[in-house]
Every structure is written in structure tokens, then in C-alpha cells.
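In the order they appear, the protein sequences are chains A and B.
Using my numbering, read the first sequence as starting at 1 and increasing by one per residue.
Using my numbering, read the second sequence as starting at 454 and increasing by one per residue.
Misleading hints may appear alongside valid ones.
To be verified - The calculated EDC-like cross-link candidates involving lysine to aspartate or glutamate, where the alpha carbons are at most 16 Å apart (straight line), are: (1) B/LYS813 with B/GLU843; (2) A/LYS11 with A/ASP22; (3) A/LYS107 with A/GLU127; (4) A/LYS360 with B/ASP497; (5) B/LYS813 with A/ASP87; (6) A/LYS290 with A/GLU276; (7) B/LYS813 with A/ASP44; (8) B/LYS743 with B/ASP709; (9) A/LYS360 with B/GLU529; (10) B/LYS560 with B/GLU529; (11) A/LYS290 with A/GLU313; (12) A/LYS11 with A/ASP44.
Unchecked claim - Facing chain A, according to a computed beta carbon distance under 7 Å, are these residues of chain B, among others: (13) ILE725; (14) PRO780; (15) ASP810.
Unchecked claim - Just so you have them, the derived chain A footprint on chain B, three or more residues with Cβ under 8 Å: (16) 547-556; (17) 642-652; (18) 742-753.
It is worth saying that the hints were derived from the structure and are not from the lab.
For every residue, glycine included, the Cβ atom is placed at its ideal position computed from N, Cα and C.
Take a look at the letters that make up each chain.
2 protein chains.
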Amino acid sequence: MPLSDALNRHKEALLAALEVDDRSSLAARLPELRSADIAEILQDLLEGGQTLRARALLDGLPIERRANVIGYLYGEEQLAIAAGMSDDRLQAVLEEMGGDERTDLFKALDDDRRETLLRRMAHREREELKRLASYAEGTAGALMTADYVAIPAGMTVSRAMMRVRQTAPDAETVYQLYVVDLEGRLAGTLSLRQLMVARPGARVDDMMIHGVIHAAVETPQEEVARIVARYDLLALPVVDEARRLVGIVTHDDALDVMESEATEDIHKGMSIGALEGGVSRVPLWSLYRKRVTWLVLLVFGNLLSGAGIAHYEAIISAQVALVFFLPLLIGSGGNAGAQAATLTVRGMATGDVGVRDWSKLFGRELLVAGALGVTMALAVAPIGVFRGGEAVAMVVAISMIAIVLFGSLLGMCLPFVLDRLGWDPATASAPLVTTLIDASGVLIYFGIASLVL
Amino acid sequence: MPLSDALNRHKEALLAALEVDDRSSLAARLPELRSADIAEILQDLLEGGQTLRARALLDGLPIERRANVIGYLYGEEQLAIAAGMSDDRLQAVLEEMGGDERTDLFKALDDDRRETLLRRMAHREREELKRLASYAEGTAGALMTADYVAIPAGMTVSRAMMRVRQTAPDAETVYQLYVVDLEGRLAGTLSLRQLMVARPGARVDDMMIHGVIHAAVETPQEEVARIVARYDLLALPVVDEARRLVGIVTHDDALDVMESEATEDIHKGMSIGALEGGVSRVPLWSLYRKRVTWLVLLVFGNLLSGAGIAHYEAIISAQVALVFFLPLLIGSGGNAGAQAATLTVRGMATGDVGVRDWSKLFGRELLVAGALGVTMALAVAPIGVFRGGEAVAMVVAISMIAIVLFGSLLGMCLPFVLDRLGWDPATASAPLVTTLIDASGVLIYFGIASLVL
Chain A
1 MPLSDALNRH KEALLAALEV DDRSSLAARL PELRSADIAE ILQDLLEGGQ TLRARALLDG
61 LPIERRANVI GYLYGEEQLA IAAGMSDDRL QAVLEEMGGD ERTDLFKALD DDRRETLLRR
121 MAHREREELK RLASYAEGTA GALMTADYVA IPAGMTVSRA MMRVRQTAPD AETVYQLYVV
181 DLEGRLAGTL SLRQLMVARP GARVDDMMIH GVIHAAVETP QEEVARIVAR YDLLALPVVD
241 EARRLVGIVT HDDALDVMES EATEDIHKGM SIGALEGGVS RVPLWSLYRK RVTWLVLLVF
301 GNLLSGAGIA HYEAIISAQV ALVFFLPLLI GSGGNAGAQA ATLTVRGMAT GDVGVRDWSK
361 LFGRELLVAG ALGVTMALAV APIGVFRGGE AVAMVVAISM IAIVLFGSLL GMCLPFVLDR
421 LGWDPATASA PLVTTLIDAS GVLIYFGIAS LVL
Chain B
454 MPLSDALNRH KEALLAALEV DDRSSLAARL PELRSADIAE ILQDLLEGGQ TLRARALLDG
514 LPIERRANVI GYLYGEEQLA IAAGMSDDRL QAVLEEMGGD ERTDLFKALD DDRRETLLRR
574 MAHREREELK RLASYAEGTA GALMTADYVA IPAGMTVSRA MMRVRQTAPD AETVYQLYVV
634 DLEGRLAGTL SLRQLMVARP GARVDDMMIH GVIHAAVETP QEEVARIVAR YDLLALPVVD
694 EARRLVGIVT HDDALDVMES EATEDIHKGM SIGALEGGVS RVPLWSLYRK RVTWLVLLVF
754 GNLLSGAGIA HYEAIISAQV ALVFFLPLLI GSGGNAGAQA ATLTVRGMAT GDVGVRDWSK
814 LFGRELLVAG ALGVTMALAV APIGVFRGGE AVAMVVAISM IAIVLFGSLL GMCLPFVLDR
874 LGWDPATASA PLVTTLIDAS GVLIYFGIAS LVL
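Isolated chain A (complex conformation):
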């Protein structure tokens, strides 16, 4: 990866310059690095307890870049940086930021600091910031920026073009324009590209697309990302309950949401709660808490398997060879079931699977899991003959098919059931499904053994 090689060289040179406080070398290096890269260096410094050095690095940047870099940090890191800034400086940084990042930084500050900053702002700014900060985390409202280009309905192309030029330095994107009526309601959209090739005297109303795809302020962020992805949007307009345009979510934010939601889903699939930050940086205590809940719950779930075994203690004592196959059978059922649950949960998350696809998926899983069970039974049968004779082999093979089939159907159905109950289908994690199948597998296996032997 040539990009990351060059990046690491730049980073090391920068750190060396910081070490000896070589300001001229620092000033020469900084323009070579992107804001995202400087933010990463800052994170390393903050994590290593070198807060002063981190602040020195930021001080070497022009105000615009400084605001940009701070926008890339997590809440706690922003708080550590802001603590070392005077109110004047912090206000200047806030003013340089885009609407969505300004709100995030504002939310990261403590109450006193927020009050002080609010008092220093102009009325309109203050109201906008308060409004943006009021939306719940994880919604379109919390994700959006108010820095979009709105064009009043009825404007001509040439005047709209002038409006674009005027707002160019501030707007988050000038490439998608939103036409609003007198009440501020979203009436249509057109692209800068359309505007550029249009006749100057034409009216935007005649060119705009009606029935604009939009989100509401309370739309969950994963749905926002999905809409942006589905319709290849540059930005998604967000409206309030009166259909008034209140902000836009841009493509880069949708991409970030897509990545963090995927990470959250992957962690959820293993019964790990949502982490705030990467696994290598998040505090240990928080990592412990996010992992322990389900692990302990499942300890008790696993007692069911133990109880099942206790119930069949007589047959186990008589045929200890049966225990040999126990981990294999419940393990295989658990694996197949976890696969089925994962396929369903991910299908639901991407919108590929809907609630009404239930019966179709059940039929498909019946066929696939049946075939999987038979294949695995064939693989295990010879070992059954070798270890315990033909009768044991038969019990093991039949149990394998039954457990794999039951486990897969359970895994496939559980997300639908959870969804029906108003829970997150992703709660059907691999550990939960495996635990449930372990317990049922014990009963199925020894049940069949009792019947046959």
C-alpha cells in the first residue's frame, strides 16, 4: 500500500519535529498531510497522555484546518482539546466548522462551557445550534447540516447561479440545490450540472425534479445511509413534520454511517454492545461492560444444556461413548444455526429480506439445511461405526440431521420472531442461537439415543 507507506513516513517526521519542538520543520510538514491524517496523529498523542504536544500540533495549523481536524475526533478527545483552548479560540473553531460537526463538538462540551459559548453567539446562530443539538443521536436530525443551498421557487437560472456563487464558501455542497416554496417546504431539487447547461432566463421550477426523495428528522441513520446508497444521492434532504426543509445529509456522512453501522452489526452478531470508538482505543471498562452482559446471561442459558444432560444421566452412564459425539453434534447444529441467523439478520439490515419473505425463506432453509444435515451425517457416520458400532452410528447420523435442521430453522426464524416482538432482530446473535441449539441438541440427541438403544 504505497499510500499508507508515504503516510507513515510523513507521520514519523512530524512526530520527530514535535519531539524537539522544531516549529519550522512542523510548518513545512503539516501542509503535506490531510486533516484525517493529522487527526489520527492527535489521537495517538492524546491516548499516550501527551496532551500538551497534541495542543502544540493543533496550534501549528491555520484556523480553518484546525476546525477540520477537530471535526474528525471522538467526543472525549474533543473535550480534552477544548479544555486547553480559551473561549475566544473555541468560538473561532466552532464558527469555522460545518453545521453537523459544530453540533457534535458542542454536544461534547460540558454544560458550563456550552452556556458560555451560547452567550457569545448571535441570536440566529444560537437558535440553529440549539435546534441541531436537540435531535436524538442516531437520527437524520443529528446527522444533518443546515449549510445547504436553498433556491426560492420561481427564481431564474441566472439568479440561482448567483445564489450558488454567493453561498459557495459556506455550503456543505453546492452541487445539489433545493427549491423551497414561500413556507420553506421542499418543492423540488436540481443539480448544479443542470443549472450550468440551462438557458439563463429559464425558471428553476420548470427544470426541477418533483417528489424529491427525503428523510424526516427522526429517520434512523441506518435508513438514511440506505436511501443515499439506493438512489446514489449526493445529499439527502431532511424535512420537519410540516415538510419544511431543515437540513441535508451529505454522501460522506452516509458513508461514515454505513461503516459504523456495519461495525455495530458485526459486534452485535457476537453479542457485543455498540462501542464508542475502535477496539484498540475504547476504555477497558467500557469494553468489559459491552461484552459481559450477554456472556453472563448465556451462562444461565447454558445451564439448560446441563439440565438436559442431567436428565439423561442414566443412559450416559450406560453408554459413555455417546458423550464422545456430544460436542460434535451440538457444535455442528450451533454452527449451521448461527449461519442461518446471520443470513437472515443481515438480509433484514440491507433490506434484502422483509417480514413477508418469512415463508419463502423458511422453505429455502428447509431444503438447504436438510442437504447440509445429510452431508454432515454422512461425514460423521463412519466415525460412529468406528467408535460405537452400527447402532451408535445410526443414532449419531439421525441426530446430526435433526439437530442441523432444527438449529438452522430456529436460527432463521428467531430474527423474525424478535422483530415481531418489537426487538432488534440482530439480538439473534451467534452466541444466543448457539446456546439455544446446544440445549435443544442435548435433548434431541439423547432423546433419539433413548429411543434407539
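Assemble chain B onto chain A, guided by the hints.
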């Protein structure tokens, strides 16, 4: 979700119109739907075997939209649609498509059809198509489009603006412009926004950003998506080995890659191979094949656990109560280990965890897993006392700590080991990790039991 409600209403009306072949109603409904939505209806029709109806739907669209809609389909679906088109029509569709989609459709066709179409094309078009089709799937080359706006170095702002206007209808994006030198090498980049507010007589060279972030044609697509996300790019330029600009990957394609890579990673985490298409549509045979490989391999892996149990048959016969705790202990170890493996694998995929973070992560996992093990041991100890007395409780508690600790460290380390061996770290899936921990857990548990009892 108001968006999907309105969507479903439109879809049903459209299907009803198709049913009775009501062309005027069809013509009235189609403009209300986006290409992505029409593509979804097409997919449903094709899947239901209603190929003729699907073709009738496409015929109701203007050629530009038709090309757009076909671009949303998977390879096999494209083939089914193309089979019903004359060479003339197919050529017209290809000509309307963007460079990246044209290449995908071309690749989906059979050899004869490809030859026929190539013969009908102009020399330059043919060479470009062949070149784009030659890049390996899953690389920047296969993802990129050649429809970008290149500006020769030295051009003035006003001439560059003219160039933008001329290429506006064809280019994939006109909002990011790429400055190339006489050899076609990427020299810099500037945004349309910069151009719009610049003095008409200024030269692009004086405004452009040097050291443009770029990818090589062979850069893997997941890295492309990560670069676009990291630097908030509208498009990522792609260069060949001579640093010549050969294409761009746009933000919407990066978003699609991010989603499909996440799905692939989630499936891999459960030992499911990469599916071509959603779980509800992919052929059953392919679903079986992608799931069976590891399931059967792990059957043999699970034999290790059985062998462990066989080895300790004497102590099991003497103390059958020990078997009661077996699923609980190996299940808990497996869950904690799968969590640790998942955290590492996802951290590596997002770039949060690098190879040199190994020792840091090991130290962190030691602390967290130690705490998890102690918590779970405390949860299970009382049940140990109740079921088998104090000695058994002690064995179970010590085993729990040992198994959770060992399992977590194994799960955390395995992705690093695999990466070191040149394998995909994601091979450290939950089923593999669980199987390994099951086997080691049996040995640890009965080993400790033999020592204590």
C-alpha cells in the same frame, strides 16, 4: 417508513397495470418511480419466471432510463434481459450507460454476444471497453469509470469552465476535475466550486491541489471505499503503473462497496463464503456450497473435543456430574473467544487495528478477559456447589476462568497469526474459534478436574 409505503403503493399499481397490459396506466406510473425501484420490480418479475412481463416493463421506458435500470441488476438478471433484446437495442443501451456499468453489463453477456457487439463499436469505444473489462473483479480498475473531466495543465479558468459545460451530459461527475500533464499523468485536482468562484483568467495550475490522493488500478475495492470514506471524497482518481489517470471511482460506488464488503465480512464471520446476491434470491445450490465447506471441516475439528472426552472417560464415569458443566464451560469460552476474534477482525478491516498493535491488544485482552472470566466464575460457582459440592464448584470456577482467558486470547491472536501466514484474518470465524476452544476447553476442564478431584 413513509418512503417505503408510498413506494409499495406505486409498485402495486404498476404490477396491476402490467397484469392487464394497460399501457397508458403504465406510462403514467413509470415516471413516478426511480430507476432503483423499477429494478427491484424487474427482479421480482424475473425471479417469478415472468420474463416476458419484465421485458414489457422495460420497453415502456425511454432508452436512457432503460439503461439506468439495467445497470441496477445482477449479472444473471442482466443476461436474461439482454437475451430478449436485438443487437441494435442492446447496443443502444450500452451506449447510454456510464463506463463502469457498461463494463459490468458487457461482462455479464456470453462470448458470442460480446463479439457481435464489439464488432459494431467504433475503434476507440471498443478499446476502452476491452481495457475496462480486463481488470480483475474487486479492484479499483473494475470499479472505475472513464467518464471523468480531465483538464490539461496550463488551462485558464474560463476555458476549463467551457470544458466542464461540454462534458456535462456524459461525465459521471463534473464536480471534481482532474488536471493532467502532457503525458496524461495526474498532476492535481480542483473542485467545480473552486472554479466557479475563481477569476476567469487564472490558471488551473495555480489553484489545484497537488499530491492528489489516488488509487492504483489493482487496489482492492475495500481499500478504495476506505480511502473515499477517510478523506470524504466525491471521487477517487485511479492511475496506471505510469501514474497516468485512467478512471475515477465515484462516491456512490464506494458506498455500494462498503455495504457489500460489510455483508461479505458478516457472512465470513460465520464461515459463509461470499454470496453473489441477497440471501433470498441466490440459487439454493450456491447457498449450500457456500455454507457446507466449513461446516464439514469443523465436524472433523469437533472430533478433537470428542477425543479429549474419550481420553478422560475414567474420570467422567467416576463423576458424571462433571458432564453437567461441560456445555456451559466450553460454550462460555467459545462465546468470549468469538467476541475477541470478531473485535480483532473488524478492527483490522476498518484499519483501526494494525499488525503492530498486537502486543497492545494482547495486554488489553488479558485484562478484559480476566475480568470476564472472574465474573462468569462467580456466576457459576453457586450452581457448582449446589450440583456437586464445594470441590466440584472449585473445579468449575477455576476452569471457567482458565477457559475464558485462554479462549479470548486465542480468539484475539488467531487473526494476527492468519494474517502473518498470508491468509485472510477473517478466516478466524466464530465457528472456527468456537470449535478450537471447545477442544481445548475439554482438556483444560478435565485436566483441572483430574488434578483436584
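Right, here's what the structure says about each hint:
Restraint check for B/LYS813 and B/GLU843: not satisfied, since their Cα atoms lie roughly 38 Å apart, outside the 16 Å limit. A threshold of 16 Å between alpha carbons decides the hint, and for A/LYS11 with A/ASP22 the separation of about 14 Å falls inside it, so the pair holds. Proximity of A/LYS107 to A/GLU127 is assessed by CA-CA distance (about 14 Å); at most 16 Å being required, the pair is judged to hold. Restraint check for A/LYS360 and B/ASP497: satisfied, since their Cα atoms lie roughly 13 Å apart, inside the 16 Å limit.
For the hint pairing B/LYS813 with A/ASP87, the CA-to-CA distance comes to about 37 Å; that exceeds 16 Å, so the pair is violated. The straight-line distance between the Cα atoms of A/LYS290 and A/GLU276 is roughly 10 Å, inside the 16 Å bound, and the hint therefore holds. Among the hinted pairs, B/LYS813 with A/ASP44 is consistent with the structure: their alpha-carbon atoms are about 13 Å apart, no more than 16 Å. Between B/LYS743 and B/ASP709, the direct Cα distance comes to roughly 22 Å. Violation of the 16 Å bound is thereby established for this hinted pair.
For the given pair, A/LYS360 sits about 21 Å from B/GLU529 by alpha-carbon distance, which is inconsistent with the 16 Å threshold. Restraint check for B/LYS560 and B/GLU529: satisfied, since their Cα atoms lie roughly 11 Å apart, inside the 16 Å limit. A threshold of 16 Å between alpha carbons decides the hint, and for A/LYS290 with A/GLU313 the separation of about 36 Å lies outside it, so the pair is violated. Restraint check for A/LYS11 and A/ASP44: satisfied, since their Cα atoms lie roughly 11 Å apart, inside the 16 Å limit.
For B/ILE725, the suggested interface contact is upheld, since its CB lies about 5 Å from the closest CB of chain A, less than 7 Å. Satisfaction of the interface hint for B/PRO780 is found here, the shortest Cβ-Cβ separation to chain A being roughly 4 Å, below the 7 Å cut-off. Because the beta carbon of B/ASP810 sits about 5 Å from the nearest beta carbon in chain A, less than 7 Å, this interface hint is met. Here's how the stretch 547-556 of chain B fares: 0 of its residues keep a CB closer than 8 Å to some CB of chain A, so the rule of at least three is not met and the hint is violated.
Coverage of the stretch 642-652 of chain B by chain A holds in this model, with 4 residues showing a Cβ closer than 8 Å to a Cβ of that chain against a need of three. Counting residues of the stretch 742-753 of chain B whose beta carbon lies closer than 8 Å to any beta carbon of chain A gives 8, which meets the minimum of three for the stated coverage.
Against the hints set out earlier in the document, violations occur for numbers 1, 5, 8, 9, 11, 16.
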